[in-house]
Amino acid sequence: MKILIIGGTGDTGRWFARFYKKHGFDVVVWGVNKRHDIAGELGVRFADDLDSEISSSDIVMISVPINITEKTIRDIAPKMPKGSLLMDITSIKTGPLAAMEKHAPRGVEILGTHPMFGPSIPDIRGQIVILVPVGGKCSKWLPVIRNLYEENGAQIEVMAAKDHDRMMAVVQGLTHFAYISIGSVLRELEFDVAESRRFMSPMYDIMLDLVGRILAQNPYLYAMIQMNPEVEKVHKAYIKQCNLLAETVKNRDIESFVDVMKKAAAHFGDTESALRRSEKLIGTKIAEHEELVRSIGRERALKHIYSGVVHYGIVRKLTSRTVTLERTGKTTELLIENVRLLNDNELFNWKAENLRNVSRDISVFIPHGSSPDVIKDVISGTCSVLSVEIIDIYNKQEKTSVTYRLTIPGDNDTAHVQADVEKLLKGIGCTVR
14 MKILIIGGTG DTGRWFARFY KKHGFDVVVW GVNKRHDIAG ELGVRFADDL
64 DSEISSSDIV MISVPINITE KTIRDIAPKM PKGSLLMDIT SIKTGPLAAM
114 EKHAPRGVEI LGTHPMFGPS IPDIRGQIVI LVPVGGKCSK WLPVIRNLYE
164 ENGAQIEVMA AKDHDRMMAV VQGLTHFAYI SIGSVLRELE FDVAESRRFM
214 SPMYDIMLDL VGRILAQNPY LYAMIQMNPE VEKVHKAYIK QCNLLAETVK
264 NRDIESFVDV MKKAAAHFGD TESALRRSEK LIGTKIAEHE ELVRSIGRER
314 ALKHIYSGVV HYGIVRKLTS RTVTLERTGK TTELLIENVR LLNDNELFNW
364 KAENLRNVSR DISVFIPHGS SPDVIKDVIS GTCSVLSVEI IDIYNKQEKT
414 SVTYRLTIPG DNDTAHVQAD VEKLLKGIGC TVR
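Residue 42 in our numbering is what sits at position 29 of the sequence shown, and the numbering runs on without skipping anything.
Because the hints were derived from the structure by calculation, they are not lab data. For glycine and all other residues, C-beta sits at the position ideal for the given N, C-alpha and C. One should not assume that every hint holds.
Label pairs and their calculated CB-CB ranges [stated by the list, open to error]:
| hint | residue 1 | residue 2 | range |
| --- | --- | --- | --- |
| 1 | Tyr-319 | Asp-50 | 13 to 23 Å |
| 2 | Leu-228 | Arg-369 | 23 to 33 Å |
| 3 | Asp-136 | Glu-303 | 21 to 31 Å |
| 4 | Val-183 | Glu-260 | 22 to 32 Å |
| 5 | Ile-295 | Pro-156 | 18 to 28 Å |
| 6 | Ile-299 | Leu-228 | 38 to 48 Å |
| 7 | Lys-84 | Ile-267 | 49 to 59 Å |
| 8 | Leu-155 | Phe-361 | 41 to 51 Å |
Sequences are here, hints too, so could you generate the full structure?
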């Protein structure tokens, strides 16, 4: 089955190119920038002859900026073959679906989709995908797309275009508007955000990260999301409530402020569950910091969230924002917000894959009735080795000789590790040959 992704060399298009390729589709991408190199990295074809690829595709996905989605649909849809599917992935639905209905030929099915996640998410599992079918115009393809996403762990929600845009006016429009306005206020006040982190509460820390997360991304994308036709009334309500609260503060009217907050809480509903979920979020950040505190003086590894680089060494110093590792006499200071603490198994596996490890063989006579495999497991579980394998077993004069091959991390003292293993073996009754 062939899918053509218009805009497939962009971030979101690339995500879906990987997804569909992984699930057996013949994926072809096209982008106005003609990035054949990106297609090569993805292991898919670039559509040099776009019209030919359109006419031979089972599915055409539109993954372009919101402001050119309808024009792109107008250009692409008329060239599609009967029985194929035209789908988009934009965050506004009324306009794109109207364009699909108008320009798709008879026999071409149409489906609006809105993945509620960005291309930084590694997997669709646990993510929400909204599907917006148009009555009677997606009977063949709706179950195909729905099953594909659901079988891979996505949560599917089906709704009408108008309902979608009303919902997104709050879910995306209000949320982004509020966070961007906070960032703009910080600029207006010439407020030192970095300095303020010295005095932050857990909630302020999380709020700053959410504001920064949005401000770090493509501003044109967020501007286009605000162009949702349902957003204007949401903005008016938001600004009205901001002014109302500001007026109660200006008038020193505590009771009116409390009244506004109580009414908002009553409408919100289950505030207790929200409190528990937010406590869990705060607790996660605190728990990692506490684990770093317990790691002072121990070897740990930290993976940079953005670069993927792993830093490892002895944890020497910890502040509320930074952690310092020491390795071979050199220190590295890292921002805690940029790294993830690897657990012992992850560090073990990383060393196995990335260090120049050393092999050492130890031959021993084992006690009568002992199991070579059990002794191997004992060595693996108690000594600083990456792996242990049995490379030789033979019987000599009613004694069993076993040779164990140790793989020792390249950053360890090989002689010291070997001595520890020999000491262990002697302690359980073995005789080193």
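Now for the hints, and whether the structure bears them out:
1. As the Cβ distance of Tyr-319 to Asp-50 is approximately 22 Å, the hint placing it in 13 to 23 Å holds.
2. Distance hint check: the CB atoms of Leu-228 and Arg-369 are about 42 Å apart, inconsistent with the given range 23 to 33 Å.
3. Roughly 28 Å separates the CB atoms of Asp-136 and Glu-303, a value that falls within the hinted 21 to 31 Å.
4. For the pair Val-183 and Glu-260, the beta carbons lie near 24 Å from each other, so the given range of 22 to 32 Å is met.
5. With their beta carbons about 41 Å apart, Ile-295 and Pro-156 fall outside the hinted range of 18 to 28 Å.
6. In this structure the supplied range 38 to 48 Å is violated for Ile-299 paired with Leu-228, their Cβ-Cβ distance being about 25 Å.
7. For Lys-84 and Ile-267, the hinted distance range of 49 to 59 Å is satisfied, since their beta carbons lie about 54 Å from each other.
8. Under the hint 41 to 51 Å, the C-beta atoms of Leu-155 and Phe-361, about 46 Å apart, fit the expected range.
In this structure, the hints that do not hold are numbers 2, 5 and 6, in rising order.
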